[in-house]
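Asker: Sequence:
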Amino acid sequence: MEFWQHIYSNFNVIAFSIFGLKVHWYGIMYVIALLLALLLAKFFVRKFQLDINEKHLDSYFIWVEIGVILGARLGYILIYDANTMYYITHPWQIFNPYINGEFVGIRGMSYHGAIIGFLIATLLFCKKYKTNPWIFLDLVALSVPLAYVFGRIGNFLNQELFGRITNVPWGIYVDGVLRHPSQLYEAFLEGIVVFIIVYLARFKQSFQGELILVYAGAYSLARFICEFYREPDFGMGFVLWGMSMGQILSFIMFITALLVYICIKFKKVNI
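Each step along the sequence shown adds one to the number in the working numbering, with nothing skipped, and position 128 is 133.
These aren't lab readings, by the way, just hints derived from the structure by calculation. One should not assume that every hint holds.
Mimicking DSBU-like on lysine-lysine, the simulated pairs with C-alpha atoms at most 35 Å apart in a straight line are [unchecked claim]:
hint: 1; residue 1: LYS52; residue 2: LYS27
hint: 2; residue 1: LYS209; residue 2: LYS133
hint: 3; residue 1: LYS135; residue 2: LYS209
hint: 4; residue 1: LYS209; residue 2: LYS270
hint: 5; residue 1: LYS209; residue 2: LYS272
hint: 6; residue 1: LYS272; residue 2: LYS47
hint: 7; residue 1: LYS52; residue 2: LYS133
hint: 8; residue 1: LYS209; residue 2: LYS27
hint: 9; residue 1: LYS132; residue 2: LYS60
hint: 10; residue 1: LYS135; residue 2: LYS272
hint: 11; residue 1: LYS27; residue 2: LYS133
Given the structure is predicted, the values throughout are model-derived calculations rather than measurements.
Construct the complete structure from the given sequences, taking the supplied hints into account.
Answerer: Shown next, in the form of structure tokens:
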């Protein structure tokens, strides 16, 4: 276990450099996650014979990726970043990948902000192409969770979003302090477990949009649990009743998904 506990001391977050440009493992994992999500989406379109053509699917993923990046970055700045006012007055710095002349990529993303950006992009895309958004949303619910695993592995390799202090033998030393490898907990619960739940729900699906609501509920619950092992966001700590901001946002997301699910399934709301 000693090698595992000190893995950060023996691991470089930079995979390689090209002409002086440093390529981080996180970036590689992000690209893998994106490509895997698209491949899984195409697989599920064929498997379940969904009424989505490949050209539309490719375009949709481009729209969604733009929405996710915009939403994730803006969400982080508005919710978590201590320099919110600086970015509001210097908006050109929001997506500046350089710090003191060094390329470091875009740092600081919010999952819940990404969700909002994803939903807006989906609605805009479906309005433009006059397609049913629920079909695309359900497809995303199936294809994203397993890809999400690589995103959290990327966080682990990037030595960020680490866990709370612990004494468990599988803990990881971060700056000399043993901590939970919470990124891997999240990869398992929020990725693999959530995928299994959504995939099984597909065979019992009773209305369009059910899978994305199941995903939202399952993810929120998994994230809420994982937050007990994850260090609260720097500068924020515990926000309300001993809960982190991630738990509060996950709670809101869970209640919202539950209410929409109940309204649609039991009150026969047309969608």
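Asker: All hints are to be evaluated individually against the structure, with a verdict given for each.
Answerer: Each hint tested on the structure:
no.	hint	verdict
1	LYS52 with LYS27	39 Å, violated
2	LYS209 with LYS133	31 Å, holds
3	LYS135 with LYS209	27 Å, holds
4	LYS209 with LYS270	13 Å, holds
5	LYS209 with LYS272	18 Å, holds
6	LYS272 with LYS47	33 Å, holds
7	LYS52 with LYS133	26 Å, holds
8	LYS209 with LYS27	47 Å, violated
9	LYS132 with LYS60	16 Å, holds
10	LYS135 with LYS272	26 Å, holds
11	LYS27 with LYS133	38 Å, violated
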